[in-house]
Structures are given as structure tokens and as C-alpha cells.
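J.: Chain by chain, the residues:
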Amino acid sequence: MRDDGMNCKTIQRAMRDGRGLAEAETAHVDECEGCTDAWLTLALDTKPEVTVPENFAARVAAMASAGSEKRRTARMPRHWGVISAMAFVTVMLVVCFAGPKPDTSWVSIVFVMLVASEIAGLALWLGPRWLGR
Amino acid sequence: MIREHQGFVFRTLVRLTGSREHVEDLAQEVFLRLYRGMESFRGDAKLTTYLYRITLNVAQDEWKRRRKEQGHTSFDDPDEGWDERLPGASGDAEQILNSKQRMDNLGRALGELSEVERQVIVMFHQEELTYEKISEVLSLPLNTVRTHLHRGRKKLKEKLQEGRAACATMA
Numbered sequence: 001m002r003d004d005g006m007n008c009k010t011i012q013r014a015m016r017d018g019r020g021l022a023e024a025e026t027a028h029v030d031e032c033e034g035c036t037d038a039w040l041t042l043a044l045d046t047k048p049e050v051t052v053p054e055n056f057a058a059r060v061a062a063m064a065s066a067g068s069e070k071r072r073t074a075r076m077p078r079h080w081g082v083i084s085a086m087a088f089v090t091v092m093l094v095v096c097f098a099g100p101k102p103d104t105s106w107v108s109i110v111f112v113m114l115v116a117s118e119i120a121g122l123a124l125w126l127g128p129r130w131l132g133r
Numbered sequence: 134m135i136r137e138h139q140g141f142v143f144r145t146l147v148r149l150t151g152s153r154e155h156v157e158d159l160a161q162e163v164f165l166r167l168y169r170g171m172e173s174f175r176g177d178a179k180l181t182t183y184l185y186r187i188t189l190n191v192a193q194d195e196w197k198r199r200r201k202e203q204g205h206t207s208f209d210d211p212d213e214g215w216d217e218r219l220p221g222a223s224g225d226a227e228q229i230l231n232s233k234q235r236m237d238n239l240g241r242a243l244g245e246l247s248e249v250e251r252q253v254i255v256m257f258h259q260e261e262l263t264y265e266k267i268s269e270v271l272s273l274p275l276n277t278v279r280t281h282l283h284r285g286r287k288k289l290k291e292k293l294q295e296g297r298a299a300c301a302t303m304a
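Chains as they are written, first to last, in our numbering: chain A, 1 to 133; chain B, 134 to 304.
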């Protein structure tokens, strides 16, 4: 409390109640550490009044569901592209290993594995690019 | 969900960006980002925490965009209605003017704080979030949140005192 004849508690109660402060009281708030602190807390606690348009929630929900539908559709070709690439690689590996092996050596196995992984890698890399993502 | 949290989103955006301009577009962006994020939401955090994070990010992006556009950012709120609900606002015209001026100064001082200090102050005071919740939203240790709040309030007081001193000199 400052020695200006003002009562901090009375002033702070007046601020909390939203009563107007007299000039001398305002001057006191400016100078008194405790009252400045109380004013600052009250001012920061005050919620700004906002007006939310009535149809805001419905509008956003509609936009969100339209957006997610669009994304789902766009994702489909990539999904199927990757699956078909994987199926192709699997078939190729089965044919290579299950079929007749006239001259199977470790070099040919490594070669086939390399080609298969390159195809899979390209499918994963190019799939999203072709879709513009 | 939107109806439940739209008040928080609008209020926080207004306070953090210091303007009501485009606030509806920004709030829309917040909820659309939330919807998009929900597809990959793993549930390792509460959905409200996720929403708070998105709100802060959108406010931060807007703040940066405006600063880039204008070279500076003003925290003056051109809309009316603030001063009537502020501490010590009722009374005669002079008192109301005084109160409005104080709030304008506070708005400006808030704008001069660092991003994280402003976020902590708004979440703690305006939205009444706990230290724990703020720490979760900002991914900061509890003590760091306390420090930012304390430091932010201290800076605000200093800036308000500076502003008053400047006014007194001009008068």
C-alpha cells in the first residue's frame, strides 16, 4: 500500500466490480505495484467478446467432409498403383524361382532381386508424382 | 466439436493476432487443419490439446504473414466493445477513455512480447488453462511455462509503465 491515503483493497474491489475509478484512484493504480498487478490480472482475464456466425460450424463441417472425400478419391489410384506394382513383383519373383532353372546362380538371383526392388521403388516414388502430390 | 470449441478458437485468435480482421477465415483454417490431421491422429494426445496447438500455429502464421506484409504489426483492435467489460470501465466519459487507453496500451504491450510469452499469458489468463495443460500444448517443461508467464507479466508491467511515462511527458 502506498502512502497516499488510498486503500488498495477498496480500489481492487472497485476494479473487480467494474466500477469506475476516480482520477486519484487511477493515479494510485499507476503508481502502486499491487494495484497495477491486480489491474493487469483483471485485464488479461477479460475475454474478448467475439461473434461467431450462426452457420459457422455447419459450414466448416461441410467443407471438411467435402475435402476428405476429395482426398480419399485422390488417394485411390496411388493405392491401387502400389498394390498392382507389388503384385507384379511377387508374380515375377514366383516365376523366377518356381519355374525351370537351367542355370540358376547367385548372380542371377541378386540380379532378379535388384530389378524387383527397383520396380517397387519406382512405383512408390512415381505414384504420388503422377498424381501431382 | 466445432460448436464446443469455436469460442476458444475465435477468442484466442483475436488475442494472439491482435485483430478481428480475417478471424473467421483463420478459425475455419484451424478446424480444417484439425479435420485433416484427425485422419492421422494417433490419439497420443488429447484432441483438445491438438486443437490448441493448431490454433496457436495458425495465429503464429498469421502474425508472421502480416509482419511480412506490413513491415510491422499493430495490436490495435478497431472494434468496439472491449472497453465496456474492462476493469474500471464504467463511469464518466473520461474514465471510459482512460480505461480504453489503458487497454490499448496493454494490447500494444502484448504485441511486443515474444510469441511464446504471449501464448502462455493468453492461455493461462484468458482461457484459464492449467500450467500442466499449457506445458502439454506447447511441449515445454512445466517450469519453463511458469518462467514465461512470470517474465511476460513482468515485461507487460514495465511496458505499461513506460507507456504511462511517455503519456505524462507528452501531457
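Treat the hints with care, since some could be wrong.
[Claimed, not checked] In silico lysine-lysine, DSS-like type, Cα no more than 27 angstroms apart, as pairs:
| # | chain 1 | residue 1 | chain 2 | residue 2 |
| --- | --- | --- | --- | --- |
| 1 | B | K266 | A | K9 |
| 2 | B | K197 | B | K287 |
| 3 | A | K47 | B | K290 |
| 4 | A | K47 | B | K197 |
| 5 | B | K287 | A | K9 |
| 6 | B | K287 | B | K179 |
| 7 | B | K288 | A | K47 |
| 8 | B | K233 | A | K9 |
| 9 | B | K290 | A | K9 |
| 10 | B | K266 | B | K201 |
| 11 | A | K9 | B | K197 |
| 12 | A | K47 | B | K233 |
| 13 | B | K292 | A | K47 |
| 14 | A | K9 | B | K201 |
| 15 | B | K179 | A | K9 |
| 16 | B | K266 | A | K47 |
| 17 | B | K179 | B | K233 |
[What the hints assert, rightly or not] One side only, chain B facing chain A, incomplete, derived with CB under 7 angstroms:
| # | residue |
| --- | --- |
| 18 | I135 |
| 19 | R148 |
| 20 | Q161 |
| 21 | F164 |
| 22 | Y168 |
| 23 | Y183 |
| 24 | R186 |
| 25 | I187 |
| 26 | H258 |
| 27 | L282 |
These aren't lab readings, by the way, just hints derived from the structure by calculation.
Glycine is no exception: its CB is placed at the ideal position from the N, C-alpha and C atoms.
J.: Holds or violated: K290 (chain B) and K9 (chain A), Cα atoms, limit 27 angstroms.
T.: Given that 27 angstroms is the threshold and the Cα spacing comes to 20 angstroms, the pair holds.
J.: Measuring from the C-beta of I187 (chain B) to each C-beta in chain A, is the shortest one below 7 angstroms?
T.: violated, 13 angstroms
J.: Mind checking the alpha carbons of K47 (chain A) and K290 (chain B) for me, to see if they're no more than 27 angstroms apart?
T.: Cα-Cα ~19 angstroms, so holds.
J.: Compare the distance between the alpha carbons of K287 (chain B) and K9 (chain A) with 27 angstroms, and conclude whether the hinted pair is satisfied.
T.: Roughly 22 angstroms separates the two Cα atoms, so the pair holds.
J.: Mind checking the alpha carbons of K266 (chain B) and K9 (chain A) for me, to see if they're no more than 27 angstroms apart?
T.: violated, 32 angstroms
J.: If you take the shortest Cβ to Cβ gap from R186 (chain B) to chain A, is it below 7 angstroms?
T.: violated, 18 angstroms
J.: Given the hinted pair K9 (chain A) and K201 (chain B), is their Cα-Cα distance within 27 angstroms?
T.: violated, 45 angstroms
J.: For a C-alpha distance cap of 27 angstroms, please report whether K47 (chain A) and K197 (chain B) respect it.
T.: holds, 24 angstroms
J.: Can you verify the interface hint for H258 (chain B): is its Cβ closer than 7 angstroms to any Cβ in chain A?
T.: holds, 4 angstroms
J.: Holds or violated: are the alpha carbons of K197 (chain B) and K287 (chain B) at most 27 angstroms from each other?
T.: holds, 24 angstroms
J.: Does the nearest C-beta of chain A fall within a distance shorter than 7 angstroms of the C-beta of I135 (chain B)?
T.: holds, 4 angstroms
J.: F164 (chain B) was flagged as interface toward chain A. Is the shortest Cβ-Cβ separation under 7 angstroms?
T.: holds, 5 angstroms
Violation of the numbered hints given earlier is confined to hints 1, 6, 10, 11, 14, 15, 17, 23, 24, 25, 27; the remaining hints are satisfied by the structure.
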